[in-house]
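Taking the hints into account, I'd like the entire structure generated from these sequences.
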Amino acid sequence: MSDPTRFDLDERQRAMLAEMGVRVWWPQAPVEAAPAPAVTAQVAQRPAPVQVPRPVNQVVATLPDAAVPLPAVVGQMDWDSLQATVAECTACGLCQGRKGAVFGVGERNADWMVIGEAPDEQEDLQGEPFVDQSGKLLDNMLKAIGLSRQAQGPAGVYVTNILKCRPSGSRNPEPLELQTCAPYLERQVALVQPKIILAMGRFAVQSLLQSTEPIGKLRGRVHQAHGVPVVVTYHPAYLLRNPADKAKAWADLLLALKTVQG
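For what it's worth, numbering that gives the first Met the number 0 labels the leading residue of the sequence shown as 0, then goes sequentially.
For the record, the hints were derived by calculation from the structure and aren't laboratory data. Keep in mind that this is a model prediction, so the values were computed, not measured. Certain hints may be false.
Unchecked claim - Subject to a maximum C-alpha distance of 25 Å in a straight line, what follows is the list of computed BS3-like cross-link-like pairs (lysine-lysine):
id: 1; residue 1: 245; residue 2: 216
id: 2; residue 1: 245; residue 2: 194
id: 3; residue 1: 142; residue 2: 247
id: 4; residue 1: 257; residue 2: 194
id: 5; residue 1: 142; residue 2: 257
Set out below in structure tokens:
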């Protein structure tokens, strides 16, 4: 009898995996996902900010003199109001160095939500998350399981970042910045109501899960954030620098797919 959880690949998907440099394989002992609670439209209360370790000599983020706090009604905003508020946001110092805010793209009623870290230089310039080579790799990863950020309906994906503005000099995000920007992401999750969140990269993972554990220790099981199942994996930019870990990212995609399917 065939394994009912097995995800059979067609020739197109095998070709996409070949582009990723991943050999087709199946884990011998699939990880059992914990049952997920029902998702509601109510915005979860934001927990205290995670204290992510900061490299030595890194400048601590401070609020600008003209900082304007986020509106109290962020948790009730519709898509248009939320995007307009993000575009004009001056709640933290990141607004001073950005070319533009990076809000998010894709199917707004998607089952899948992909959340990255902070915008890089090209994302800041283009106003879209996951562009350039890392974006191409993400698109190939999604295509391998029949998804696309350009698609609508069941094959669609909504893609965004933990932070909406780029930290200057490509430095790591500060806890104050992550805390300040968190309500925007919470509202996006509440509006999308995804069946699964794929968190990509250390800061996305640690901020969502309020954990300081490294990705290597958080992989392989299903977590929860804002009432939604979360599977963690490596950021495509990391995978481009460490191609040997692409096979691990493929296993993470399979875990997310299994969670969505049942």
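Status of each hint after checking the structure:
no., hint, in the structure
1, 245 x 216, "16 Å, holds"
2, 245 x 194, "24 Å, holds"
3, 142 x 247, "17 Å, holds"
4, 257 x 194, "11 Å, holds"
5, 142 x 257, "16 Å, holds"
The structure agrees with every numbered hint stated previously.
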